[in-house]
Amino acid sequence: MFETISYETRGKTAWITLNRPDKLNAFTSLMHKEMVSAIKEANKDSHVRAVVITGAGRAFCSGQDLSGSPAGTDYGDVLRKGYNPMVQALVAMEKPVIAAVNGVAAGAGMSLALACDFRIASEKASFIEAFIHVGLVPDSGNLYFLPRLVGHAKAMELAVLGEKITAQEAKELGLVTKTVSEEEFMLEVETFAEKLANMPTKAIGLIKRYMNKSWESDLNEVLEFEAQAQKIAGESADHQEGLQSFLEKRKPAFTGK
Amino acid sequence: MSNYETILTSVEDGIALIQLNRPRVLNAINRPMVTELLDAFESFDRNDEVKAIVLTGSARAFAAGADIDEMKEDTAVSLELLNQFKEWDRLATIKKPIIGAVNGYCFGGGFELALCADILFAAENAQFGFPEIKLGVMPGAGGTVKLTKLMGQKKALEWLWLGDPMTADEALQYGVINRVIAPELVVDEAKKYAKTIASRAPLSTRLIKETVYKSIDYSTYEGMQFERKNFYLLFSSQDQKEGMKAFVEKRPAEFKGK
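Chains E and Z are the protein sequences, given in the same order.
For the first sequence, our numbering assigns the number 1 to the initial residue and increments by one for each residue that follows.
For the second sequence, our numbering assigns the number 1 to the initial residue and increments by one for each residue that follows.
Derived by calculation from the structure, the hints in this document are not laboratory data.
Don't take every hint at face value.
Claimed, not checked - Under the rule of at most 35 Å between Cα atoms (straight-line distance), these lysine-lysine pairs were calculated in the DSBU-like manner:
id, chain 1, residue 1, chain 2, residue 2
1, E, Lys231, Z, Lys154
2, E, Lys213, E, Lys178
3, E, Lys40, Z, Lys192
Note that the structure is a prediction, hence the values are computed from the model and not measured.
Using the sequences provided together with the hints, build the complete structure.
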């Protein structure tokens, strides 16, 4: 179905794997289109309640495939038509998205990881704001997400100096949820995704929606968002199940609705 | 109540609900739908049970546009003779408050219909736009005029020329809509708001609506003369006596709309 990525569902989790291992999963315009289709597919499928994005081979994603752009390419339009719709689709998806960072995440590959809701890193993983080394600026939401995740000062260091950081350093910066040994990595990602996929998906979606909006809102607006979100969550089947299971002293079986 | 084919209607607690109901074509507005809408609006306007009207579409689309199949063979002369926009003119004569609740796509004729509402609530994921230019035409049911009066010449030209969609947040920023609300709640919130309006003095609601729309076209002087006459007129109502008496007696007023 796809050429540059693979898409499969296992249980309640959709797996999107960047699949150009010989090019360290570098982005091409076809890959952007396929990513948007895959993200939309995962969003539409009501059985899918968590999404994992990872890379085939030894890299997560090395960013833009620099061999692919002919001279005179308008980089602004490459972003507007390729990367930006992908980032927007990820943020709009009201399901948890995990970047399973198996290896290097460089440039726009790092941006992709930043646009996800969680990052789990293999000990082999590394992150690098590679843009500056070719005289470019971080893009694909990188300038939005990075300072929000690690603070302005650290984000400036990373973006301007462009030094590679290890998985362990990323953990210390709060950039990743956890780092895992190479051997246990896939199992850990699966377990984490499955855990999320069994949680109240509607509530997670609402948390994601309004936490994202909080960055562009004042307190009074956020208070109103919370009131609306709580009304919606309060009418969900999973809220009823949560209350019921508590009363019956059993584990809740959430359906995501 | 009539059996409509393109819309659904109901009344609950004094609030009428009109829902566009051609979901398979994203509620594309065709001529029978406009005829039915006008019939529903006019009958609710005369129905004493109804205090305010909520207009909405479906979850994916308020209305994605006008029905293109219906008009693609039209000519200037056939349109002049058909005079279809007479019905749209009559929509502007509805006296009761109309609250629009927009989910999803609201394009072209759908956007023009939404602009017929007095107050507009939109879902966070709603998208507005006039894509007519991409079909070699332009808005024909007031879109060009109303958008310009709402957002000003510079911005209106940009949206009308490019034909691109604007987000709910942009529409809010330009004063095209009143509130942005969670998609799950936009119809509920519109009904709640309609109930609040319904609790106010109905004659005041009517005459304020009339005066606000006149003030868009009148000079300040003419508008103020018009306002004054409506202000005086309310002193012939029972509700004015009741409202002022209740105020003095420090109790809530009971308005009868008389």
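*Under the criterion that the straight-line Cα-Cα distance not exceed 35 Å, is the pair E/Lys40, Z/Lys192 satisfied?*
Answer holds: E/Lys40 to Z/Lys192 is near 33 Å, not above 35 Å.
*asked:* What's the verdict on E/Lys231 and Z/Lys154, does the C-alpha distance respect the 35 Å limit or exceed it?
replied: Violated, because 39 Å separates the two Cα atoms, which is more than 35 Å.
*Can the restraint linking E/Lys213 and E/Lys178 be considered satisfied, given a maximum Cα separation of 35 Å?*
holds (25 Å)
In this structure, the one hint that does not hold is number 1.
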